[in-house]
Amino acid sequence: DAGVTQSPTHLIKTRGQHVTLRCSPISGHKSVSWYQQVLGQGPQFIFQYYEKEERGRGNFPDRFSARQFPNYSSELNVNALLLGDSALYLCASRGRVGATDTQYFGPGTRLTVL
Amino acid sequence: GNSVTQMEGPVTLSEEAFLTINCTYTATGYPSLFWYVQYPGEGLQLLLKATKADDKGSNKGFEATYRKETTSFHLEKGSVQVSDSAVYFCALSDQTGANNLFFGTGTRLTVIP
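First to last, the protein sequences are chains A and B. Residues 1 to 114 (our numbering) make up the first sequence, in order. Residues 1001 to 1113 (our numbering) make up the second sequence, in order.
Just to be clear, a hint being listed does not mean it is correct.
Said to hold, decoys possible - Straight-line alpha carbon distances no greater than 30 Å define the calculated DSSO-like cross-link-like pairs of lysine-lysine that follow:
#	chain 1	residue 1	chain 2	residue 2
1	B	Lys1052	A	Lys30
2	B	Lys1077	B	Lys1056
3	A	Lys30	B	Lys1060
4	B	Lys1077	B	Lys1052
5	B	Lys1068	B	Lys1052
6	B	Lys1077	A	Lys30
7	A	Lys30	A	Lys52
8	A	Lys52	A	Lys13
9	B	Lys1060	B	Lys1077
What the hints contain is simulated information worked out from the structure, not anything from laboratory work. Since the model is a prediction, treat every value here as computed from it, not as a measurement.
Please construct the entire structure, taking both the sequences and the accompanying hints into account.
Structure representation (structure tokens):
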């Protein structure tokens, strides 16, 4: 079975540009979460979507937005890129959203902002 | 609030040595606790989890016990291998509606032959 997939693998942008990252969850999973992992740090929660509705938002500026589609895939959008947005962006999916439910992570998209 | 504190790395061990990576947490309520591993160039993989006090999670020779009285979830392995070289993250899942993961800063383990 396919795991969580993300595209693109790598991306290079310049300051001020906009970026869209994509994620496809494990088949049957209805929840997608996005995390930002800055080099040398642990991942930080950005958004969670469940059944196409936003269920949680981390402490990130409004330049960050996301959505979930009817097939449960998701996009993360970042506007007006800053150098500090350079990071590995991870997508995680799970079947349910209880505290005990395991989140399964994709390989990530490495974003470099120049 | 929720937070996870991990033992600072990096950690370098010889093959077959005993491994302990300390993890303590602060949380409201009764979180679930996880250890994730990140191999070079890859995403996060779940290593083990425990969902209530005194539970022991185990996988691939790794173990961790959920200790509510000391708010700890230390990772142990009796005999490490070169293939265990990776970054290990302790995490908790909060009790809010979103049940998101809060991660520690990670501990890099290098095992030398």
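We went through each hint and held it up to the structure:
Among the hinted pairs, B:Lys1052 with A:Lys30 is consistent with the structure: their alpha-carbon atoms are about 25 Å apart, no more than 30 Å. The suggested pairing of B:Lys1077 with B:Lys1056 holds, with an alpha-carbon distance near 13 Å, which does not exceed 30 Å. Between A:Lys30 and B:Lys1060 the alpha-carbon distance is near 29 Å, which keeps this suggested pair within the 30 Å criterion. Restraint check for B:Lys1077 and B:Lys1052: satisfied, since their Cα atoms lie roughly 21 Å apart, inside the 30 Å limit.
For the proposed pair B:Lys1068 and B:Lys1052, the alpha carbon gap of about 9 Å is at most 30 Å, so the pair holds. Restraint check for B:Lys1077 and A:Lys30: the C-alpha separation of about 34 Å exceeds 30 Å, so the hint is violated. In summary, the hint linking A:Lys30 to A:Lys52 is supported, as the alpha carbons are separated by about 8 Å, within the 30 Å threshold. A distance of roughly 28 Å separates the Cα atoms of A:Lys52 and A:Lys13; the hinted pair therefore holds under the 30 Å criterion.
The suggested pairing of B:Lys1060 with B:Lys1077 holds, with an alpha-carbon distance near 9 Å, which does not exceed 30 Å.
Taken one by one, the earlier hints fail for this structure only at number 6.
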